[in-house]
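Student: Below, each chain spelled out in residue letters.
4 protein chains.
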Amino acid sequence: MNTFGQLFRVTTFGESHGEAVGVVVDGCPAGLSLSVKDFKHDLDRRRTAQSPIVSPRKEDDEVEILSGVFNGKTLGTPICLMVRNQNARPEDYERLKNTYRPSHADFTYEQKYGIRNWQGGGRASARETVARVMAGVVAKKVLSSEFGVGSSEKGICPVAYVKQVGDIVADIDPETVTLKKVESNMVRCPDSKAAKKMIDRIRSVQKKGDTIGGVVECVVKNVPVGLGDPIFDKLKATLAHAMMSLPATMGVEFGSGFGCLSMLGSEHNDAFFVQQMKGEKVVRTKTNHSGGVQGGISNGMPIVFRTVFKPVSTIFQKQQTVTKDLKKHTLEMYGRHDPCVVPRAVVIVEAMAAIVLADHCLRQGGGE
Amino acid sequence: MNTFGQLFRVTTFGESHGEAVGVVVDGCPAGLSLSVKDFKHDLDRRRTAQSPIVSPRKEDDEVEILSGVFNGKTLGTPICLMVRNQNARPEDYERLKNTYRPSHADFTYEQKYGIRNWQGGGRASARETVARVMAGVVAKKVLSSEFGVGSSEKGICPVAYVKQVGDIVADIDPETVTLKKVESNMVRCPDSKAAKKMIDRIRSVQKKGDTIGGVVECVVKNVPVGLGDPIFDKLKATLAHAMMSLPATMGVEFGSGFGCLSMLGSEHNDAFFVQQMKGEKVVRTKTNHSGGVQGGISNGMPIVFRTVFKPVSTIFQKQQTVTKDLKKHTLEMYGRHDPCVVPRAVVIVEAMAAIVLADHCLRQGGGE
Amino acid sequence: MNTFGQLFRVTTFGESHGEAVGVVVDGCPAGLSLSVKDFKHDLDRRRTAQSPIVSPRKEDDEVEILSGVFNGKTLGTPICLMVRNQNARPEDYERLKNTYRPSHADFTYEQKYGIRNWQGGGRASARETVARVMAGVVAKKVLSSEFGVGSSEKGICPVAYVKQVGDIVADIDPETVTLKKVESNMVRCPDSKAAKKMIDRIRSVQKKGDTIGGVVECVVKNVPVGLGDPIFDKLKATLAHAMMSLPATMGVEFGSGFGCLSMLGSEHNDAFFVQQMKGEKVVRTKTNHSGGVQGGISNGMPIVFRTVFKPVSTIFQKQQTVTKDLKKHTLEMYGRHDPCVVPRAVVIVEAMAAIVLADHCLRQGGGE
Amino acid sequence: MNTFGQLFRVTTFGESHGEAVGVVVDGCPAGLSLSVKDFKHDLDRRRTAQSPIVSPRKEDDEVEILSGVFNGKTLGTPICLMVRNQNARPEDYERLKNTYRPSHADFTYEQKYGIRNWQGGGRASARETVARVMAGVVAKKVLSSEFGVGSSEKGICPVAYVKQVGDIVADIDPETVTLKKVESNMVRCPDSKAAKKMIDRIRSVQKKGDTIGGVVECVVKNVPVGLGDPIFDKLKATLAHAMMSLPATMGVEFGSGFGCLSMLGSEHNDAFFVQQMKGEKVVRTKTNHSGGVQGGISNGMPIVFRTVFKPVSTIFQKQQTVTKDLKKHTLEMYGRHDPCVVPRAVVIVEAMAAIVLADHCLRQGGGE
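So the protein sequences, as listed, match chains A, B, C and D.
Under our numbering, the first residue of the first sequence carries the number 98, and numbering increases by one thereafter.
Under our numbering, the first residue of the second sequence carries the number 98, and numbering increases by one thereafter.
Under our numbering, the first residue of the third sequence carries the number 98, and numbering increases by one thereafter.
Under our numbering, the first residue of the fourth sequence carries the number 98, and numbering increases by one thereafter.
Simulated from the structure, these hints should not be mistaken for lab results.
Be a bit skeptical, because a hint or two may be false.
Because identical chains share one entry, a pair is satisfied inside a single copy or across any pair of copies.
Stated by the list, open to error - Derived DSSO-like pairs (lysine-lysine); straight-line CA-CA distance at most 27 Å:
1. 304 / 415
2. 424 / 170
3. 383 / 305
4. 415 / 378
5. 318 / 424
6. 318 / 421
7. 378 / 134
Start from the sequences and build out the full structure, keeping to the hints where you can.
Tutor: Here it is in structure tokens:
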């Protein structure tokens, strides 16, 4: 179904080239300030039409708040947020009506439903993530309000960034990274040297009409000990669910991730020690191979995870495929395209992480 | 919460050294044959006390079917399955009562609940997976019945195996692997050459009182096109959720996974073609980098994913840690232990995959 | 939360005098025809501004389909339906801002959320039922499509009508009642003699600025045997849940209802017999005291239930109450009002019944 | 499905004459004291084999706590509670194997599942309510702990009693009724004069091998303002759902209920006033026609509702029915039976009310 979360519950709707995309956010506590302008920053980041390396869609995403807010404050009732689609040019897609684009969802949707909106990906389009980003903005408000911090760099606030493009790996310290550094270049990689290489690589791939994949790393600091449910809704399980629900994701890993294979238990175990913090003794771990989660529950260390995105399926080279009536077909596509999805994915990863964490906070009774 | 699934719904209960561990399986269709002996094979595989490289717990897991079955057939009502814990020796754990074992859930549970069963991990113990394996047996019945196949190697039936231990990577073709090959050696790796190396490595690690991690790969063949929900419950999202809900997992990847970083879009896209199959034309893809899932929905190709398990946290070397009253403590543990969890994890991965797929099948209306 | 249903899942949003009220309908099967004009009939019935005995709100409810429909067919994706509020006159309500109207939700919302939209009831307003009626239209489509009937009087289609106003009880045979008869008078009571008396009574109550309660009876014919879940989601339990979620309801009863108190078991039991129906033998019951549900599951007889609605709380007489700052206050209200809610409630009961039944049909796998 | 509740989540299992009946209670906060002897009181009340007017089943219901409790305290993990069935005499039922008992669930279960446990009602038997009573005991613990009261007559604690048997209506003040008065006679009616008449009536009905229905009223005092969700999970909606999920219920009403038909709005509205309570000003209503719930949310007044139970379907008179192979059949039953279910239903109504309220308390964050 199209709903995610237990107590902070997000229901998205909308096709890429239908009337609108939107989201109903249910469970947001009453009394938070919320207005249309709160959404601009993240929606603009998601769009980033200013950048030469990203997607062509030039719409201004104008948010309408249809419900749940009164005199600038949330009411505790469901918040419906909507953005109209302005850029619908069905004729662009008419010729794709009966063709299954390789590694897209055209074939599987057609088989599952017997019908699909063939205009630009329909429901499977990345345009659906506009809804997630809007819900993420509300989730971030919940996370700040929870702990009285409010700044996007303090409090529980996920910060995501590009860790890898192709084989170019950035060197970033999750403990000190800031949103400002992330936004300092168009590829959203806070290691400026690696960023430069990534941009060059993406441009060269783009010239060939091809695409390249990458890794988004996300760090969540200031998470209180105790978030997460012990068995099926372990924090890493709900975060993995959220990440793998994003288009183009191929995998997700926490803390040491697949890298744990090069360590023995004696190296991998995170030793506990006691730290003085603002006059209080707190338990911390010397290393953070666990990625901030032990037994499915946050342990007070930064939560760190990485999501890998494949090279985008829309390429500008000839491809062999089949049509709806099972005929061979050589597909060619034109126009501009997204040579690498990760700079944009950064914003969506952040939004989904915020949604998951807000839900776990409310489950703890933290929101009341 | 302790429930997983929408229509095939699994609720587990039980602490490692409490009275029993068990599961209520709700939503299983009526009329399937089910008896106590159906559980023996997978529970024995999970236990594998016969093997020199695995865990010491020697209990015979005797299943009781408390409800939901009448005259050997499922009733459509909830099936409660229970195994009593016979091996409870609380005195073994008494000395761990106030100590937080590194990279275990002791600390986080204590913080979250203010109380924990300190006898052998309590709810966070791998013993909870007995419940999942039992539910998995029922799920496999559903999957076979669905499509009238019934053999564990045909029909929709997940087959899992050890793909990697430390840096030893096996060479296995997911398309041809069989359960028999998997079970042909104690490490459950169907590449016998790699298996030998793995066993040697595990033994050498074990001698040092240390542990090592590994990767379980799982392939699901004969999946019909159309399983999975398009947005939040994409097939890869629910499978990732299930995998990351297992103890000791650090990451999960589908199809090409993190390996997609070395390909461009033109190489990674899976080209469609039409194949004759039993006199019918079916759409297939030449490569399977997508791992059988496109747009979150199965495309008829084998589903392939890998889950990485960290080196087990229980090691037999001295470790620095802290106690409940925040004192430094040097921890030493004795006895036998599990030097590598993946041979056992194979069975649990299979069970969870079966549970996820059974749920998606029932959502399709396939179970009625 | 603001979501109802398991597989046919309805999420409503919107405050009475906010931007809009609407609903996301998730789980509607693909391929059903659906367009804006499908909603007009039931929304007009709900509004019934034409009638002298009902509410003053004169807005034309113009539905927008924001998603889920393509070229006039449902896509299987979430359908967002919205109606903008045109009649927002906050100044009318300004003076009620700090006053708790007796038997309204003003006090409880203020206490629960610390904030409320005091313009005309906000989220607690009957305006929210516009969303339910829209969802009900989609649900009726599902119910017709299921069984290939399509006419609103045949197939699984709930028909509701006014059974009682004050102490005036109509004489209606649930087996033969039709929508046409229901709509033949403004009080929606198919017993024309009783209808006349009801209208007179309502008018006389209205003249005094007072209100009166009534009972809506609903019959659902052509329900297949086997709908409903055996324990917690018995058909009568989910229907009761739906009915008691409507504003102003005080109770609900099935079949013989509270009337069962005047019968002994020997009189109340519904004897089974075998009937020939279109050449097939079917099991029916001679009486229908069970109201079509036995053990929580439909038995093939018409489902019959009654919901009682209290006299509307908005009256035009002076009332004692308190303000937000706990001062005594004498409340007077002006304008037109709804002297009796049941003629309008008929439409909403029908919609909710359709939603519940559509959900149970899809749970049976009937929708695929 | 067999699960009820959102955060206090109850999953029951078990057939009447299977191995066991039981329940998994998930979401119970950690740290509450709980032991086997806590269940005895309510299970004995449910059984009441001592009474000459109730059912014959003589088993001692011995509870086993399979999980979730450690050293006498709840762990925050799922609590599995089980009672074995000792009284299985399948031969008693053998002759009913192919017969549909009138107004029982035999026919509908057989049709829905194609199979049923024909031994004494199977899953549809009132025996399933043992599981609900056990969960109710845990729920009552949560309700007491919430507000530090602990006595079963104070704090949030539902008290239920028999209000009516046939046409004999008791005169009881919900504000002053106590559990002690309820338990002072075998029919559980605190109006001793009415109780005597009820017992006589039940005995006379019993002599004829017949049965009679009745009404259970339930009052919940000390409910804080603000419990309940505004739209679909209104307090009266979830309570109605719970009540109508019980066997043999025909209807439910809140506050004035169907009696609201004899009042006008000016009489029915509950006027607010300010009361001094322990030095604090609180808002109360002069009358309580709303039954403690306004806009779906508790308003601080006692919650009052009534559930009507039909005359039990098992009678000892000849009845016409049909068999599985659609032959006419005259059914006769022997032995002892339950001439009136309401004295026993009192305990189950109380349990379900406690479960619903505990869930709403936890949704408020009250349980953390």
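Student: It remains to establish, for every hint, whether it holds in the given structure.
Tutor: Hint by hint, here is what the structure shows:
no., hint, in the structure
1, 304 / 415, "within (15 Å within a copy, 56 Å between copies)"
2, 424 / 170, "between (56 Å within a copy, 26 Å between copies)"
3, 383 / 305, "between (46 Å within a copy, 23 Å between copies)"
4, 415 / 378, "between (62 Å within a copy, 24 Å between copies)"
5, 318 / 424, "between (53 Å within a copy, 26 Å between copies)"
6, 318 / 421, "between (48 Å within a copy, 24 Å between copies)"
7, 378 / 134, "neither (41 Å within a copy, 41 Å between copies)"
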